[in-house]
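Asks: Let the hints inform the model, and build the full structure from the sequences given.
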Amino acid sequence: MAFFEQHIHDEPKTFLSKYIISYDHKVIGKQFLWYGIFFLGVGGMMALMIRWALAYPGVAFPVIGKFIFPATQGVIPPDTYAMLFSMHGTIMIFYAITPILIGAFGNFCIPLLIGARDMVFPTANMLSFWFAVVSGLILLISLFTPLGAAAGGWTSYPTLSTMVGSPGIGQTLWCLALFVLGISSTMGAVNYITTIITLRAPGMGYFDMPLTIWGLWLTAILNAIFLPVLGAGLLLLIFDRVFGTTFFLAGAAATSGTGDPVLFQHVFWIFGHPEVYILILPAWGIVSDLLSFFARKPAFGAKATALAMTSVTVLSTLVYGHHMFTTQMSPLLTQTFMTLTMTISIPSAIFFANWLGTIWKGSIQFTSPMLFSLGVVFVFGLGGLTGLYLGTVTTDLYLHDTYFVVGHFHYTMAASVLLGGFAGTYFWMPKMFGTMMNEFWAKVHFWITMIGLNGVFMGMMIVGFAGMHRRIYNPFVYEFLERLIPLNMFITWSAILMGFAQIIFVINFVHAVFFRKEKASANPWKVGTLEWTIPSPAPHYNFKEIPVVKCGPHEFGNPALVGRDYQYQTEEVAKA
Amino acid sequence: MILSYLTSLFFTQTWAKTSTSDLSWWQVMAPPEDISVNGHLIDWLFYYTTGMNIFFFVLVCAGLFGFSFLYYHKRHPKPYYTYGNKKIHVIIATAIGLAVFLAVDMNITRISNNDYTDVFANFPNENEEEVLRVQVMAQQWMWNFRYAGADGVFNTEDDVITMNDLRLPINKKIVFQIVSKDVIHSFFLPNARQKVDAIPGRLTRMWVELVKPGNYPIVCAEMCGTFHYRMQAYLTVYNEADFADWMNEAERNAVKENELENADLYWGWKWEL
Chain G
1 MAFFEQHIHD EPKTFLSKYI ISYDHKVIGK QFLWYGIFFL GVGGMMALMI RWALAYPGVA
61 FPVIGKFIFP ATQGVIPPDT YAMLFSMHGT IMIFYAITPI LIGAFGNFCI PLLIGARDMV
121 FPTANMLSFW FAVVSGLILL ISLFTPLGAA AGGWTSYPTL STMVGSPGIG QTLWCLALFV
181 LGISSTMGAV NYITTIITLR APGMGYFDMP LTIWGLWLTA ILNAIFLPVL GAGLLLLIFD
241 RVFGTTFFLA GAAATSGTGD PVLFQHVFWI FGHPEVYILI LPAWGIVSDL LSFFARKPAF
301 GAKATALAMT SVTVLSTLVY GHHMFTTQMS PLLTQTFMTL TMTISIPSAI FFANWLGTIW
361 KGSIQFTSPM LFSLGVVFVF GLGGLTGLYL GTVTTDLYLH DTYFVVGHFH YTMAASVLLG
421 GFAGTYFWMP KMFGTMMNEF WAKVHFWITM IGLNGVFMGM MIVGFAGMHR RIYNPFVYEF
481 LERLIPLNMF ITWSAILMGF AQIIFVINFV HAVFFRKEKA SANPWKVGTL EWTIPSPAPH
541 YNFKEIPVVK CGPHEFGNPA LVGRDYQYQT EEVAKA
Chain W
1001 MILSYLTSLF FTQTWAKTST SDLSWWQVMA PPEDISVNGH LIDWLFYYTT GMNIFFFVLV
1061 CAGLFGFSFL YYHKRHPKPY YTYGNKKIHV IIATAIGLAV FLAVDMNITR ISNNDYTDVF
1121 ANFPNENEEE VLRVQVMAQQ WMWNFRYAGA DGVFNTEDDV ITMNDLRLPI NKKIVFQIVS
1181 KDVIHSFFLP NARQKVDAIP GRLTRMWVEL VKPGNYPIVC AEMCGTFHYR MQAYLTVYNE
1241 ADFADWMNEA ERNAVKENEL ENADLYWGWK WEL
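Residue numbers (the working numbering), protein chains in the order written: chain G, 1 to 576; chain W, 1001 to 1273.
Please keep in mind that the hints were generated in silico from the structure rather than gathered at the bench. One thing to keep in mind: the hints can contain errors.
As the list claims (entries may be wrong) - Below, a sample of chain W positions facing chain G; criterion: calculated Cβ distance under 10 Å: (1) 1030; (2) 1116; (3) 1188; (4) 1190; (5) 1227.
What the hints assert, rightly or not - Here are the computed lysine-lysine pairs in the DSS-like style, where the Cα-Cα straight-line distance is at most 27 Å: (6) 13(G) <-> 519(G); (7) 303(G) <-> 1087(W); (8) 575(G) <-> 1087(W); (9) 30(G) <-> 526(G); (10) 526(G) <-> 361(G); (11) 30(G) <-> 519(G); (12) 526(G) <-> 443(G); (13) 1074(W) <-> 361(G); (14) 18(G) <-> 517(G); (15) 575(G) <-> 361(G); (16) 303(G) <-> 575(G); (17) 1086(W) <-> 575(G); (18) 443(G) <-> 361(G); (19) 526(G) <-> 544(G); (20) 1270(W) <-> 1172(W); (21) 550(G) <-> 575(G); (22) 1078(W) <-> 526(G); (23) 1078(W) <-> 575(G); (24) 1074(W) <-> 526(G); (25) 30(G) <-> 13(G); (26) 18(G) <-> 30(G); (27) 550(G) <-> 1078(W); (28) 361(G) <-> 1086(W); (29) 1087(W) <-> 361(G); (30) 526(G) <-> 575(G); (31) 550(G) <-> 1086(W); (32) 1074(W) <-> 443(G); (33) 13(G) <-> 517(G); (34) 544(G) <-> 18(G); (35) 303(G) <-> 1086(W); (36) 443(G) <-> 1078(W); (37) 1270(W) <-> 1181(W); (38) 1087(W) <-> 550(G); (39) 303(G) <-> 526(G); (40) 361(G) <-> 1078(W).
In this text, all values refer to a predicted model and were calculated from it rather than measured experimentally. Beta carbons are placed, not taken as given, at the ideal position from N, Cα and C, and that holds for glycine.
Replies: Structure (structure tokens):
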């Protein structure tokens, strides 16, 4: 299927060309992985500070609080709290999950899983990472500006995010950072789409691609279409802030202008709703594959899963209005958006049926990638179902902007995506770094994370239904929320537990990358997709000979097979 | 050891707090008391959706945990070789999809849409029935309320103006028109289950009818700056007679005390029908 010859150049020799300015998709993938893990740590620390403030308002943040907030003896001040939750959201979505799921797995997996030697545009790929670094630096620098970083929430609605509400330069830098990141992701997305279309190994039709590739492909399409929309909105916001235009400023007592703040919400959510699918689609793909790999059974209805993912992708572009019900839409619009939103449950129910169908009558091996994949099915079930309350307009009138929303989107975007990311990390570790991670500690990591995250996010949904609204520094200035103090403490301690579990992961990961002596075999998981036909770690330019694909990615348990229960994609399906 | 220290800290702190209040866990988790005529529609839909969700999530869990147990590789070494593309498989997967869609989604969409068009977005016809009109102006970080006063016309000298103090009668439809002075806020009455954004440059509306006298919170639900969390107002609900007494006195005081020369008095607008 390849449209052109893929040349092999010499291996880079210097440290700089090998690890820093690298054109190799595998190195860029690893760079994104480290980048994402770094920001995951930063964002996670911010999450713990937020949780601490909510459970123990006015109490100094333990251990490091005194160094970070010396002016208040370690107590998190309210303006800093607003910065923390704004930056937590921004960092987690754009600087942790996007680089890990899309940057790292996208770059690493796409060429390997479709039998290509590299991406189509290696230079754009390299630039994509370095633009992301520039963006990350801008964001981190904004934390140290005089009035601090952006503090208007990760959605940064005007007019709060214009000069009326945020006079500091932090908000401008926030817009700039996301704009630059948009450039980075768009370059990546164009690269992914082109690579998947042009560089599939000969014989690999679209339905012979692993579902991971389907997920990454659909994500890249959404990214390429909708990130420019966000970029446009951010640019207008920068104009409003720097050049005094009034796109988002309307005439009111304290503001003047002929624009409309709600316009930004439209622009933001046209991008923002696809964004949640941008984050979850790669995880869905990875999970769909891993369930089949470790149930040792072909993926149940793989074609239907791929088509269901495609229809979710299309539908995700049509539903953004459900984020704006409380801006008082006409009932005609609420009706439309509500119905379209609910339609997403048909393809979602089809995945769930197919996921359960995959493990049905399988021969399940509970390896760490499998545990994390099953975890995704569990938490995404909760996250998806709780979305129903927010899709129906009347319940949304009560639940909008409460912690219920926070719990819901953390289940879908944080819990599911993180577990999917961990599943992928444990699974591709041997191909990435040539060593395996410790299985025992991986399972400990899984169970503690699972307990912690359900405590946190279920707790959030409960306090949200009980009436606690979002983004408040001290909920207990409200008499009717005082009864929620114990629940908030429970959530905070669950979050701390979950935070500690990630230390296990980091130690396990760093140990496997740098210190583990025993090398992984070429195919430790006994799986037949193309990346497992080459040695571990994947060699320079991946495939000496471009493989020829003769069967699908999920050939397991074929009774006609002798000696092993899986087939490589380069083999004809065994016939009895 | 650290873990046991942490858990002990957690349990002693949590349980100590719980024991001081005599609320059961169910009471803690329940939403604030519903004091409106229509709030029960929202609560009912919430509980109905919850019932449906529990049903389907139990099915998912039955599959997830049941299959994990039954088909553990030591218990079930030979997997069943199928692509899941037999007719029966496709029918079952489609049936599950349609069952969820029709039984849950379309059902709650229909109910919610009917509630919204017939009740929450169906504003009382002010030409035909008598309603109480209140203008609300949100600003960083307080709520301004304005009643029309004795002449029934807004933005005149005799308007009753309050700050963070909203008083309403029971058994009367109340219509709010809401604006914002600076950034976006959200006017949220947890006890009436409703909120609507206050947006600079736009006028939004909300209507409620209350049934239970008492003191309740009004909160800002949309992030509006550093002191967003302090943007609290107080709702006092009176029975009809008490409200009339309060209103009469407030109107008398307004005529006496409003500073007619002060431009800040006239933040209201002509009531828009």
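Asks: Confirm or reject each hint.
Replies: Okay, the hints, checked on the actual structure:
no.	hint	result
1	1030	holds, 7 Å
2	1116	holds, 5 Å
3	1188	holds, 7 Å
4	1190	holds, 4 Å
5	1227	holds, 7 Å
6	13(G) <-> 519(G)	holds, 23 Å
7	303(G) <-> 1087(W)	holds, 14 Å
8	575(G) <-> 1087(W)	holds, 22 Å
9	30(G) <-> 526(G)	holds, 23 Å
10	526(G) <-> 361(G)	holds, 19 Å
11	30(G) <-> 519(G)	holds, 18 Å
12	526(G) <-> 443(G)	holds, 20 Å
13	1074(W) <-> 361(G)	holds, 13 Å
14	18(G) <-> 517(G)	holds, 22 Å
15	575(G) <-> 361(G)	holds, 21 Å
16	303(G) <-> 575(G)	holds, 22 Å
17	1086(W) <-> 575(G)	holds, 19 Å
18	443(G) <-> 361(G)	holds, 24 Å
19	526(G) <-> 544(G)	holds, 21 Å
20	1270(W) <-> 1172(W)	holds, 22 Å
21	550(G) <-> 575(G)	holds, 13 Å
22	1078(W) <-> 526(G)	holds, 16 Å
23	1078(W) <-> 575(G)	holds, 18 Å
24	1074(W) <-> 526(G)	holds, 17 Å
25	30(G) <-> 13(G)	holds, 18 Å
26	18(G) <-> 30(G)	holds, 12 Å
27	550(G) <-> 1078(W)	holds, 24 Å
28	361(G) <-> 1086(W)	holds, 15 Å
29	1087(W) <-> 361(G)	holds, 18 Å
30	526(G) <-> 575(G)	holds, 20 Å
31	550(G) <-> 1086(W)	holds, 22 Å
32	1074(W) <-> 443(G)	holds, 19 Å
33	13(G) <-> 517(G)	holds, 23 Å
34	544(G) <-> 18(G)	holds, 20 Å
35	303(G) <-> 1086(W)	holds, 12 Å
36	443(G) <-> 1078(W)	holds, 25 Å
37	1270(W) <-> 1181(W)	holds, 16 Å
38	1087(W) <-> 550(G)	holds, 25 Å
39	303(G) <-> 526(G)	holds, 23 Å
40	361(G) <-> 1078(W)	holds, 8 Å
Violated hints are absent here; each numbered hint is respected by the structure.
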